[in-house]
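**Student:** Once you have looked at the hints, place chain B on chain A.
Take a look at the letters that make up each chain.
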Amino acid sequence: MKPARFEYHAAESVEHAVELLTRYGGDAKVLAGGQSLVPMLNFRLARPAALVDVNRIPPLAFIREDNGTVAFGAMTRQRTIEFSPVVARRLPLLREATRWVGHLPIRSRGTIGGSIAHADPSAEYPAVLTALDGEVVVQGPRGRRTVRPAALFETYLTTSLAPDDLLVEVRLPAMPAGAGYAFEEFARRHGDFAIVGIAAMVAREGGRCAAARLAAAGAGPVPVRLRSAEEILERDGLGEAALEAAAARAAELVQPDSDIHASAEYRRHLTRVLTLRALKRALGVTKS
Amino acid sequence: MSATRWIGKSVARVEDGRLLTGRGTFIDDHPPVANLWHAAIVRSPHAHARIRGWDASAALAMEGVVGVITGSDVAKACKPFGVGVTAPIHYYPAATDKVRFVGEPVAVVVARDRYLAEDAAEAVAVDYEPLPVVVDPERALEPGAPVLHEAVGSNLAGHRRLVYGDPDRAFADADVVVRERFRFPKYGSTPIETYGVIARWDGLDGVLTIWSNFMGPFIMHPLVARVLGLPENRLRFIVPPDIGGSFGIKSSIYPYLALIGLTAMKLGVPIKWIEDRREHLLASSSGTDRIAWREVAAKKDGTILGMRFKWYDNVGGYIRSPEPGCSFRPTGNFVGPYRFQNLEVDASVVMTNKSLTGPNRGYACGHLYFETERMMDLLADRVGIDPVEVRRKNLIGAESFPYRTPTGGLYDSGDYQATFDKALQAAGYEALRRQQAEARAAGRYFGIGLALAVDPSVSNMGYVATALDPQFRAKPEYLPKSGAVDSATVKIDPLGRVIAILGTTPQGQGHQTIVSQIIADELGIEPRDVTVVDEMDTFTRVWSISSGTYSSRFGSVGTSATALAARKLKAKLVAYAAHLMGVTPGEVEFRDGGVHLVKGKGVPYSIKDLAGRAHWNTESLPEGMEPALSATAVFGFTVAKAVDAEDRVNSSNTYGFIAEVMAVEVDPDTAAITIVKYVTVHDAGTIINPMIVEGQIYGGALHGLGGALYEELAYDDDGQLLTGTFMDYLVPTASEAPDIEIEHVVSPSPLTTLGSKGLGESSSMTVPAVIANAVSDALRPLGIGITELPMTPSRLHALIAAARGKTRS
Numbered sequence: 000m001k002p003a004r005f006e007y008h009a010a011e012s013v014e015h016a017v018e019l020l021t022r023y024g025g026d027a028k029v030l031a032g033g034q035s036l037v038p039m040l041n042f043r044l045a046r047p048a049a050l051v052d053v054n055r056i057p058p059l060a061f062i063r064e065d066n067g068t069v070a071f072g073a074m075t076r077q078r079t080i081e082f083s084p085v086v087a088r089r090l091p092l093l094r095e096a097t098r099w100v101g102h103l104p105i106r107s108r109g110t111i112g113g114s115i116a117h118a119d120p121s122a123e124y125p126a127v128l129t130a131l132d133g134e135v136v137v138q139g140p141r142g143r144r145t146v147r148p149a150a151l152f153e154t155y156l157t158t159s160l161a162p163d164d165l166l167v168e169v170r171l172p173a174m175p176a177g178a179g180y181a182f183e184e185f186a187r188r189h190g191d192f193a194i195v196g197i198a199a200m201v202a203r204e205g206g207r208c209a210a211a212r213l214a215a216a217g218a219g220p221v222p223v224r225l226r227s228a229e230e231i232l233e234r235d236g237l238g239e240a241a242l243e244a245a246a247a248r249a250a251e252l253v254q255p256d257s258d259i260h261a262s263a264e265y266r267r268h269l270t271r272v273l274t275l276r277a278l279k280r281a282l283g284v285t286k287s
Numbered sequence: 000m001s002a003t004r005w006i007g008k009s010v011a012r013v014e015d016g017r018l019l020t021g022r023g024t025f026i027d028d029h030p031p032v033a034n035l036w037h038a039a040i041v042r043s044p045h046a047h048a049r050i051r052g053w054d055a056s057a058a059l060a061m062e063g064v065v066g067v068i069t070g071s072d073v074a075k076a077c078k079p080f081g082v083g084v085t086a087p088i089h090y091y092p093a094a095t096d097k098v099r100f101v102g103e104p105v106a107v108v109v110a111r112d113r114y115l116a117e118d119a120a121e122a123v124a125v126d127y128e129p130l131p132v133v134v135d136p137e138r139a140l141e142p143g144a145p146v147l148h149e150a151v152g153s154n155l156a157g158h159r160r161l162v163y164g165d166p167d168r169a170f171a172d173a174d175v176v177v178r179e180r181f182r183f184p185k186y187g188s189t190p191i192e193t194y195g196v197i198a199r200w201d202g203l204d205g206v207l208t209i210w211s212n213f214m215g216p217f218i219m220h221p222l223v224a225r226v227l228g229l230p231e232n233r234l235r236f237i238v239p240p241d242i243g244g245s246f247g248i249k250s251s252i253y254p255y256l257a258l259i260g261l262t263a264m265k266l267g268v269p270i271k272w273i274e275d276r277r278e279h280l281l282a283s284s285s286g287t288d289r290i291a292w293r294e295v296a297a298k299k300d301g302t303i304l305g306m307r308f309k310w311y312d313n314v315g316g317y318i319r320s321p322e323p324g325c326s327f328r329p330t331g332n333f334v335g336p337y338r339f340q341n342l343e344v345d346a347s348v349v350m351t352n353k354s355l356t357g358p359n360r361g362y363a364c365g366h367l368y369f370e371t372e373r374m375m376d377l378l379a380d381r382v383g384i385d386p387v388e389v390r391r392k393n394l395i396g397a398e399s400f401p402y403r404t405p406t407g408g409l410y411d412s413g414d415y416q417a418t419f420d421k422a423l424q425a426a427g428y429e430a431l432r433r434q435q436a437e438a439r440a441a442g443r444y445f446g447i448g449l450a451l452a453v454d455p456s457v458s459n460m461g462y463v464a465t466a467l468d469p470q471f472r473a474k475p476e477y478l479p480k481s482g483a484v485d486s487a488t489v490k491i492d493p494l495g496r497v498i499a500i501l502g503t504t505p506q507g508q509g510h511q512t513i514v515s516q517i518i519a520d521e522l523g524i525e526p527r528d529v530t531v532v533d534e535m536d537t538f539t540r541v542w543s544i545s546s547g548t549y550s551s552r553f554g555s556v557g558t559s560a561t562a563l564a565a566r567k568l569k570a571k572l573v574a575y576a577a578h579l580m581g582v583t584p585g586e587v588e589f590r591d592g593g594v595h596l597v598k599g600k601g602v603p604y605s606i607k608d609l610a611g612r613a614h615w616n617t618e619s620l621p622e623g624m625e626p627a628l629s630a631t632a633v634f635g636f637t638v639a640k641a642v643d644a645e646d647r648v649n650s651s652n653t654y655g656f657i658a659e660v661m662a663v664e665v666d667p668d669t670a671a672i673t674i675v676k677y678v679t680v681h682d683a684g685t686i687i688n689p690m691i692v693e694g695q696i697y698g699g700a701l702h703g704l705g706g707a708l709y710e711e712l713a714y715d716d717d718g719q720l721l722t723g724t725f726m727d728y729l730v731p732t733a734s735e736a737p738d739i740e741i742e743h744v745v746s747p748s749p750l751t752t753l754g755s756k757g758l759g760e761s762s763s764m765t766v767p768a769v770i771a772n773a774v775s776d777a778l779r780p781l782g783i784g785i786t787e788l789p790m791t792p793s794r795l796h797a798l799i800a801a802a803r804g805k806t807r808s
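Here the protein sequences come in this chain order: A and B.
Residues 0 to 287 in numbering that gives the first Met the number 0 are what the first sequence spells out, letter by letter.
Residues 0 to 808 in numbering that gives the first Met the number 0 are what the second sequence spells out, letter by letter.
Chain A extracted, bound-state conformation (with noise of 0.2 Å):
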């Protein structure tokens, strides 16, 4: 469990970032928090000529309220998040989320952007990022754009960000004022990736519901936006039935598949079941 051998650069901006990947024509990684990376790395399955290190680019970690979006760098660590002001009065779902990724001490290194750019579909972020359909911003040799969830998550590990690209800004609108919301997850052990994630968010106006945010985390190759349940919550309210009915269709819309921690039946059983948890408990139905 040594890494193969190679070239360590310590990335001064994100120019130079950018530069460095360029320079490596796809054979070099971003290192950000780690998390995922130095274990792969370890294990040889990743075998990069170079690992470009942006931790020490300053610019790269703050969190900003922006005109009704909060923007974060890249590198803001997940235990900054999880004690983000910011983010509790703005994001609160973000918040919640946090608190499934892993534990202490990977918080303290992981990162948003690179939790995102990792792409795991079990991992919390792509699928906040996708209930809430945020965007991310890409620093490329071409200059910088954003990226949309549904056209940057491609498979299992995969984006659609080219080797060059730098993410560097992730993009969430913030929630209006008194939506309920809640992370349910599933998982075997405190800290695990998880079986089947479910991000929930509901906007409500009297009986009626405003806006209904739902992705599932585990359920497929990509993070899922569940956007026909939405619709029917949308559409037919919030009476138990509609939650009923929201949580069947979401069961319908992912296409998971089999592990060795569970079988693609129970992970879409999974979904119809942390639907309804996610959905009664974001409307405050639920006692705790």
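Hints are computed from structural coordinates only; laboratory data are not their basis.
Where is the CB? At the ideal position from N, CA and C, for every residue including glycine.
It cannot be assumed that every hint is accurate.
[Unchecked claim] Some chain B residues well away from chain A (every beta-carbon gap over 10 Å; in silico):
| hint | residue |
| --- | --- |
| 1 | V146 |
| 2 | L161 |
| 3 | M726 |
[What the hints assert, rightly or not] Where chain A lies over chain B, by a calculated footprint (3+ residues, C-beta under 8 Å):
| hint | stretch |
| --- | --- |
| 4 | 666–672 |
| 5 | 728–740 |
**Tutor:** Structure of chain B alone, referenced to chain A:
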């Protein structure tokens, strides 16, 4: 006899200061010799393949590489290891002709550092001809299955049918017969420290020195010497003072002692190899996966008349000693805490293309009691009585101790009814049943499990021969085996302080603390005045075949040897003081840290005073007394006897008892199991340090929980390990730990000096049973009974979904 001021107290562990501040000395802290080179092991990617050849030329040409040893070198230089069965199974430290499991060593590369060694290991070309694979023990015995060892002709490494009493009669007389089939998973222990070996060959003296975190049994020393063709007094094993956990697993390091030792001999440089976590999960050791068929014959009131066990134990690609202990280690306690006299055991030891097995905390008792205790619940269900009653009805009575089991075990002491009652009371069994009734009425799934187990410790190595046919054992050239031995030396320095030297290899058990408590009580001094040295060295320590820290032996053998050594020394002090006082030894006594006149007033002699005089002025010693104040005691159990012609053997030396109650609630929608209550009551005889005992129970319970819910070395049909990292091989952590309520009953062992018994394996052997019973009880309304572990949520969900489907239709 001195008062017990320290025994029974939770004295803080003297080890913890250095361990918690990172000052322990583990194998990887060791550079015992300069200019160490580093080894990486090339391992098979195939589960089953013929090796056509090796080509190490590319590796040898790489920068920093000093040499490569292949299986071909091993075949030329080594004898195969002795195995515990008569089948012709040739097991070498590395594959010589075929590979038989993924991860099997095929070559060793030695380089200036581990990074270069791993680079070069990738460059060793091995030409494999892949062969068909079999991983399931049942399929491995079918005609036409791929055969791993051609010389054996099948995959059956050994088979014994053991008959005690008249089981056929018992089944003929039974009112009810209950049958079930079980599967127990393959799992290990994942100690935080992996294997580590350092080897140096001294060509001039002809001595091979091996430092390693090997924990015994030291029967492996002559075994390794034979493989390497070395005289035993030219092979030196040294064990560093600290080992980072073992739980039995590190006894199976010995093939690597031979492999790295051979590499050091061949290449002429000192070599270090530290196993990495990937290697550990892939190829260190585990318990067996087992398929079991069980039958119980009983009267309609629940009285058991007899049982039948049939087992397929999967030992992997070879059979590595002390296997087939997987089948026979618990021979003396096959019947557990129950009275029945008729038993048939049909044990098949099967080889498949999985990694090798060996002792793992509770060695085969987790399997045994999972099956037996599930059967007790099935029997209770069948005869329609409470699971408590069916157990009470069959328990060995307190008046029966010492109790000889039909399989040869000698249960030294206990009060099983009282211990069981204490567990039921502590758990509030009746209240739990009421809680269950309420939960069920509300449509919830709440269940209560029970498990009782005889906790065997200090294996008598004679049990290993149970694997051999009695006819074979009857041959004159067959030499019987028996024993369970440990030594201790206690010496007093010229200023009266004490040093105790052990031949043990602690892995975190706190031997230094325990020994200091015992000696403090024996000599009337403070524990801090005792320094305990436990760095095993086969050249300098007193040891024997059964030495080592395994099978929970220190708590009874090591402690007895320590107390006896201290008493020997005390007797010498008494005789010496009497001589100085001019009285007979009968006129003085040892108390309060000195020797006093029994009657009358006289100045007592303190230990310090006596030590000074004895060391500085040997003329003051009585005639015939040996100079120097030291004493060595070697304690061996006299009840450790060889297996008899009827296959009866007292396979352990002390037998504790465990009674557990667990309540769980199962969420039928997610299949999550919540442990609501868990009570465990232990009788391990005299308790020397309650804090250390509790630590062992917590650890054992968590280990059992791992096997019951989380851990499995799972393979696909091609023999590839599916759980090769800690992301997939799930070990319970503090977050998964339930609240554990611990109680004790104390039935001192009449066989040990202090009345203590072993307890290191403890609840690892009961938790799989108790939680399987609790979950089965919870899901009883759905007609679900657990027969297979681990109960992963996905598996449990499949059972629940199938049962609900059935109830609906």
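**Student:** Does each hint hold? Answer for all of them.
**Tutor:** Hint by hint, here is what the structure shows:
| no. | hint | in the structure |
| --- | --- | --- |
| 1 | V146 | holds, 29 Å |
| 2 | L161 | holds, 37 Å |
| 3 | M726 | violated, 7 Å |
| 4 | 666–672 | holds (count 4) |
| 5 | 728–740 | holds (count 5) |
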